[in-house]
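Asks: Sequence lines, in order, name chains A and B. Residues 1 to 102 (the working numbering) make up the first sequence, in order. Residues 1 to 102 (the working numbering) make up the second sequence, in order.
Treat each hint with caution, since some may be false.
Pulled from the structure, derived: some chain B residues nowhere near chain A, Cβ distances all over 12 Å [claimed, not checked]:
hint	residue
1	S68
2	T89
3	A94
4	E99
Part of the chain A face toward chain B, derived, beta carbon under 10 Å [what the hints assert, rightly or not]:
hint	residue
5	L16
6	Q44
7	G47
8	A48
9	G49
10	A50
To be clear, the hints were calculated from the coordinates, so they are not data collected in a lab. It should be emphasised that the depicted structure is a prediction, and the values quoted were computed from it without experimental measurement. Built from N, CA and C at the ideal position, the CB exists for glycine as well.
Number of protein chains: 2
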Amino acid sequence: MIIEPVKPHTTTPGVLKVSAKSNPNSVAGALAAVLRERDSAELQAVGAGAINQAVKAVAIARAYLRPSNFELVCVPAFIDVEISGNERTGISLAVYRREVAE
Amino acid sequence: MIIEPVKPHTTTPGVLKVSAKSNPNSVAGALAAVLRERDSAELQAVGAGAINQAVKAVAIARAYLRPSNFELVCVPAFIDVEISGNERTGISLAVYRREVAE
Numbered sequence: 001m002i003i004e005p006v007k008p009h010t011t012t013p014g015v016l017k018v019s020a021k022s023n024p025n026s027v028a029g030a031l032a033a034v035l036r037e038r039d040s041a042e043l044q045a046v047g048a049g050a051i052n053q054a055v056k057a058v059a060i061a062r063a064y065l066r067p068s069n070f071e072l073v074c075v076p077a078f079i080d081v082e083i084s085g086n087e088r089t090g091i092s093l094a095v096y097r098r099e100v101a102e
Numbered sequence: 001m002i003i004e005p006v007k008p009h010t011t012t013p014g015v016l017k018v019s020a021k022s023n024p025n026s027v028a029g030a031l032a033a034v035l036r037e038r039d040s041a042e043l044q045a046v047g048a049g050a051i052n053q054a055v056k057a058v059a060i061a062r063a064y065l066r067p068s069n070f071e072l073v074c075v076p077a078f079i080d081v082e083i084s085g086n087e088r089t090g091i092s093l094a095v096y097r098r099e100v101a102e
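Please model the complete structure; the sequences and the hints are all you need to start from.
Replies: In structure tokens form, the structure reads like this:
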């Protein structure tokens, strides 16, 4: 008997998938919205173009959250992502907010 | 009288310039070497290919520094870089080490 692993039906909250075509300002807006509510978020990107947009989004989101006295730090890690049935290596950027003194 | 700004003759210590052709493992090795000696380092990259290699280097350097109980976090920012006389926008990744409990 083969037991299939349980696959989640919904995307984990706070996970934003970024593509090479994503607008970094839009991703930054979404990221800032998540980080106003939660301590952390995650950007997932596969490929140089997507990773570039993800990093730019974090740089922009820092400016969005500065008036709320939040600084952002991120921790990159490799992840395996399934795209159209193929396993590909991507990058996860775990993004954490830190409260800063005024 | 025009007073020329003083230009540093050497690269700032701890700043590593990453190109699209950089080997992420090599950059990670250099980054880990800096972060064994200092609390922080900086990666500078211009263009999607270079930024991709820089982010991968940080992900790899995390593994290199884990046995020393250091975790890495990075803070991306936009920077203006002069390349062949042209001003281009790049990304600076400030990388900080954090001591973690065993």
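Asks: Each of the hints needs a verdict: does it hold here or not?
Replies: A quick look at each hint next to the structure:
For S68 (chain B), the shortest C-beta to C-beta distance to chain A comes to about 17 Å, beyond the 12 Å cut-off, and the non-interface label holds. Distance to chain A contradicts T89 (chain B) as a non-interface residue, since its nearest Cβ pair spans about 10 Å, not more than 12 Å. Non-interface status of A94 (chain B) relative to chain A is broken: a Cβ of that chain comes within 12 Å, the nearest being about 9 Å off. Once the 12 Å rule is applied to beta carbons, E99 (chain B) is consistent with being away from chain A; the minimum gap is 15 Å.
Below 10 Å, beta-carbon pairs count as interface contacts, and L16 (chain A) has none with chain B, the closest being about 15 Å; its hint is therefore violated. Look at Q44 (chain A): its Cβ only gets to about 12 Å from chain B, farther than 10 Å, so that hint breaks. Look at G47 (chain A): its Cβ gets to within about 8 Å of chain B, closer than 10 Å, so that hint holds up. At a threshold of 10 Å, the smallest CB-CB gap from A48 (chain A) to chain B is about 4 Å, leaving the interface hint in force.
Interface restraint check for G49 (chain A): the shortest CB-CB distance to chain B comes to about 5 Å, inside 10 Å, so the restraint holds. Checking A50 (chain A) against chain B by beta carbon gives a least distance of about 9 Å; that is within 10 Å, so the hint holds.
This entry does not satisfy hints 2, 3, 5 and 6, going by the numbered hints stated previously.
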